[in-house]
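With the hints as constraints, model all of the structure from the sequences given.
First to last, the protein sequences are chains A and B. Each number in our numbering comes from the position in the first sequence (counting from 1) with 43 added on. Mapping to our numbering: the second sequence position 30 is 14, numbers consecutive.
Everything labelled a hint here was simulated from the structure, so no lab data went into it. Please note that a few of the clues may not be correct.
Where chain B lies over chain A, by a calculated footprint (3+ residues, C-beta under 8 Å) [as the list claims (entries may be wrong)]:
| id | stretch |
| --- | --- |
| 1 | 80 to 94 |
| 2 | 104 to 110 |
| 3 | 148 to 154 |
C-beta atoms are modelled at their ideal positions from N, C-alpha and C, and glycine is treated no differently.
One-letter residues, chain by chain:
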Amino acid sequence: DAGVIQSPRHEVTEMGQEVTLRCKPISGHNSLFWYRQTMMRGLELLIYFNNNVPIDDSGMPEDRFSAKMPNASFSTLKIQPSEPRDSAVYFCASSFRGSGELFFGEGSRLTVL
Amino acid sequence: DAKTTQPPSMDCAEGRAANLPCNHSTISGNEYVYWYRQIHSQGPQYIIHGLKNNETNEMASLIITEDRKSSTLILPHATLRDTAVYYCIVSPRSNDYKLSFGAGTTVTVRA
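As C-alpha cells, then:
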C-alpha cells in the first residue's frame, strides 16, 4: 500500500501565480482532508470531502483557494492568485469515515516569493 | 477554546517508558481521545484512540482515568525515532473530521 501520495513535494513560485497541489488518497478510503501547517497557526483543516463531495469548507481562507475531488482517487487544491502568506506545508489525508484514523501524506511545501 | 492541555515539551531516555499526559477536563460523554504524532518534516501519524477503556496497540498504550478528565499515552520503550510532536485530541467519533490539532508536546528521546 503506497499510502497517501501528494505532489509536488516542493513548490516555489512568485506572487500572483497559480498553484495546484495534488493528492491521491488510499484506495477504498471515503474521506479526504486538506490541512495547512504553519509555525504561527499550526495544523488547520481547510476542507473535508466525504464520498467525493465537499462537506465542510469553512477552513478555506478565502476565494483564492479552491478544492476539487472529481473522483475517489484524486483531489486538487488550487490557489489563484498565490500570495506570500500562503507559504506553508499543505497536507492531504484520507480515512474511512468515522474511524478517527487519518492517514496523512508527506505534504507539499509551498513557498510564494 | 482548547479542549486539551499538554505540556509543551518533555525529555525521556532511550529504552525507558515515556508517559505523556493530557488533560481534557471538559470532555463530553461521546467524545473520544485520539493521539497522533508528527515526526519532523513528515505528516502526522495516528497512534491510538479510546473512549473510556484503556487501549493498547503495537505502538503505545492509552490510559484514561475513570472520570475521563485526563489520559496518559505510554510509549513502552522509547527509541530515538520516537522523537516527535505528540498531539492529544478529543472529538466525537461521528465528527472525526473535525480533529483539531493543538500545539502538542514536543518529546525528545535522548540516548
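Worksheet item: With a Cβ-Cβ cutoff of 8 Å, does the stretch 104 to 110 of chain A contain at least three residues near chain B?
Response: With 0 residues closer than 8 Å to chain B, the stretch 104 to 110 of chain A misses the three-residue bar; violated.
Worksheet entry | Coverage of the stretch 148 to 154 of chain A by chain B, judged on three or more residues with CB within 8 Å | Satisfied; 3 residues make the cut.
Worksheet item: Checking C-beta pairs, does the stretch 80 to 94 of chain A have three or more residues closer than 8 Å to chain B?
Response: Holds: 5 residues of the stretch 80 to 94 of chain A have a Cβ under 8 Å from chain B.
Consistency with the previously given hints fails for number 2 only.
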